[in-house]
Amino acid sequence: MLMRGMLKTLTVFPNLREIGRMALRGAVLLGFAAAFSQPASALVEIDITQGNIEPLPIALPSFASEGAEGSVAADMTSVISADLKRSGLFNPLDPASFIQTNMNVNSTPRFGDWRQISAQALVTGTVIKQPDGRLRAEFRLWDVFAGEQMLGQQFYTTPENWRRLAHIIADAIYERLTGEKGYFDTRIVFVDERGPKDKRVKRLAIMDQDGANVRYLTKGDELVLTPRFSPNRQEVTYMSYGAGDPSVYLLNIETGQREIVGNFPGMTFAPRFSPDGQSVIMSLQQGGNANIFEMDLRSRRTTRLTNSTAIDTSPSFSPDGSKVVFESDRGGTQQLYVMNADGSNAQRISFGPGRYSTPVWSPRGDLIAFTKQHQGRFMIGIMRPDGKGERILTEGYHNEGPAWSPNGRVLVFFRDTPGANGGPQVWTVDLTGYNEQRLETPDFASDPSWSPLIN
Amino acid sequence: MFKRVNAALGARWIAVLFTVMFVAACANNPNNPNDPNGLASNVRPGTGQDFVVNVGDRVFFEEDQSVLNSQAQTTLAGQAKWLNRYPQYTITVEGHADERGTRQYNIALGARRAQAARDYLVSQGVNASRIKTISYGKERPVAVCNDNSCWSQNRRAVTVLNNATN
Chain U
2 MLMRGMLKTL TVFPNLREIG RMALRGAVLL GFAAAFSQPA SALVEIDITQ GNIEPLPIAL
62 PSFASEGAEG SVAADMTSVI SADLKRSGLF NPLDPASFIQ TNMNVNSTPR FGDWRQISAQ
122 ALVTGTVIKQ PDGRLRAEFR LWDVFAGEQM LGQQFYTTPE NWRRLAHIIA DAIYERLTGE
182 KGYFDTRIVF VDERGPKDKR VKRLAIMDQD GANVRYLTKG DELVLTPRFS PNRQEVTYMS
242 YGAGDPSVYL LNIETGQREI VGNFPGMTFA PRFSPDGQSV IMSLQQGGNA NIFEMDLRSR
302 RTTRLTNSTA IDTSPSFSPD GSKVVFESDR GGTQQLYVMN ADGSNAQRIS FGPGRYSTPV
362 WSPRGDLIAF TKQHQGRFMI GIMRPDGKGE RILTEGYHNE GPAWSPNGRV LVFFRDTPGA
422 NGGPQVWTVD LTGYNEQRLE TPDFASDPSW SPLIN
Chain P
378 MFKRVNAALG ARWIAVLFTV MFVAACANNP NNPNDPNGLA SNVRPGTGQD FVVNVGDRVF
438 FEEDQSVLNS QAQTTLAGQA KWLNRYPQYT ITVEGHADER GTRQYNIALG ARRAQAARDY
498 LVSQGVNASR IKTISYGKER PVAVCNDNSC WSQNRRAVTV LNNATN
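Protein chains in written order, with our numbering: chain U, 2 to 456; chain P, 378 to 543.
Since the hints were made in silico from the structure, they are not lab data. Keep in mind that the hints are not guaranteed to be accurate.
Incomplete in silico selection of chain U near chain P, CB under 8 Å [to be verified]:
#1 Ser72
#2 Val202
#3 Gln286
#4 Ser309
#5 Asp367
#6 Glu401
#7 Gly420
#8 Gly424
#9 Gln426
For each residue, glycine too, the CB sits at the ideal point set by N, CA and C.
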């Protein structure tokens, strides 16, 4: 007889300002349930510290629908499956191979049937329309070999919010099986590019991390570049060519309100938030020199961090805020340097052949990602903060501008193609370098930046 | 010289350049009865057209460099002479980079190029208060093919007259 865990629900009222989704009006309830403790040795797990990972075979029969409209249950299952597949850590099995069919969240799995098709994990679920119009989604994650439930949760949400709910469930599955935070309930801000190469129109845009729900944040009347997410508010900082000098701006994604960051005597560019979200670090161009400045967003106080006759740019804080990595050509070519957050003790960390640029510190603190140019090729790579352990994850005609997923497992970057009809597209690659995928966008797209985890 | 003018297709000069291209085409055709002496004779001195056609509005740079070569210095000296003759103009020097670099660096590299051109104009007697600079990095290419013949046209500093008339 199978021991089945109960579904536990804890209703959470998220802070709407923190979550910041226009779609999340009204009482959105997100559920939470504890994992059911079982002997750890019996459970299927993915060790993501390995280099080349064999994806875990997982079966996701379409969630059952009780009164829910249209194909929402099947659509949610597809979104969960696609999230897990794109991570490179899971291999969702072909539903045509399933022996046991018509599953719902209360079905008793015939584990032999699932073992026979080599599934190691199984997810069952049901989507139920509530009398008040909301959706209730329940799911269970099963260890096929142990014959045990690993996780059971239920969530409530408004029907239009179904995609987000699917991402939250995918995150729960990812987290339970890998032991690390998921990153599916997140968004990516980027620059939408359209029109011929010599008359490109660029707009800030935002989309879910799987490319859905694209929304434009600027109109295309001004050139916009390098948007970066705030770590804790629904804000992006970016560079825009408006009136006067091109400058760093802040944009509130919810209200559309924007403001110039600081009152600098020259062009400011290459902005990025500090880990606490309270300041912006950026370059200020003065004559032929670019130096790095920090501005406290509350006191409006500015601090100069570098003072060189070189191009110092692309600053990025370590997650603990104690250090800054940046690129500089002070030694003759673009190289990476790490300095203390007060600007002292800058040390060069990149020493391989070629030019290094656009460094960005991993949210886990353990790695720095960068663009590298060598012999006409553009690469995305990673190294440790001391400069050791350099690894190139992808290379080609033009790869540029990596940004980290909030769990530090995946990099998003853009890849440009040559010639008059060429243009940039957004790609992701995980830390193994084996799982490289294009992210669909409506048109050309560049300068992607990942949001923090929404919850 | 006219060959270079032909390549000089800045977005701000579309209207001007229709005329420029016509003039250049005429100049390149010795049999054209409308342009017997091969000069841009129908351009009025002191106009924006005059500046672009007879002086040259841009200089070019080597890869990842902001050093002015002798040809660039000659062009800028001509610009300075012209600007000193027509003091009613203020100018913006736009710095640009080719696409074979990263975005943030190219913004600073374009600024360095604009600054180099500006400093040269100032050294030739143009009042610094008449000159603004801006960098577009790699965001505003004029040539879009995929080899150095295009990239070299994009590595440029362009002197734009802010209050030009034709």
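Checked hints:
1. Taking 8 Å as the C-beta cut-off, the interface hint given for U:Ser72 is violated, the closest approach to chain P being about 41 Å.
2. Taken as an interface hint, U:Val202 does not check out: its beta carbon lies about 11 Å from the nearest beta carbon of chain P, beyond 8 Å.
3. Interface restraint check: U:Gln286 against chain P, minimum CB-CB distance 5 Å, threshold 8 Å, status holds.
4. At about 12 Å, the closest approach between the beta carbon of U:Ser309 and any beta carbon in chain P exceeds 8 Å, and the interface hint on this residue is violated.
5. For U:Asp367, the shortest C-beta to C-beta distance to chain P is roughly 23 Å, which exceeds 8 Å, and the interface hint is violated.
6. A hinted interface residue such as U:Glu401 counts as satisfied when its beta carbon comes closer than 8 Å to some beta carbon of chain P; here the least separation is about 5 Å, so the hint holds.
7. Because the closest C-beta pair between U:Gly420 and chain P is about 4 Å apart, less than 8 Å, the hint holds.
8. Checking U:Gly424 against chain P by beta carbon gives a least distance of about 11 Å; that is not within 8 Å, so the hint is violated.
9. Proximity of U:Gln426 to chain P is violated relative to the hint, the smallest CB-CB distance being about 15 Å (cut-off 8 Å).
Hint violations for this structure: numbers 1, 2, 4, 5, 8, 9, all remaining hints satisfied.
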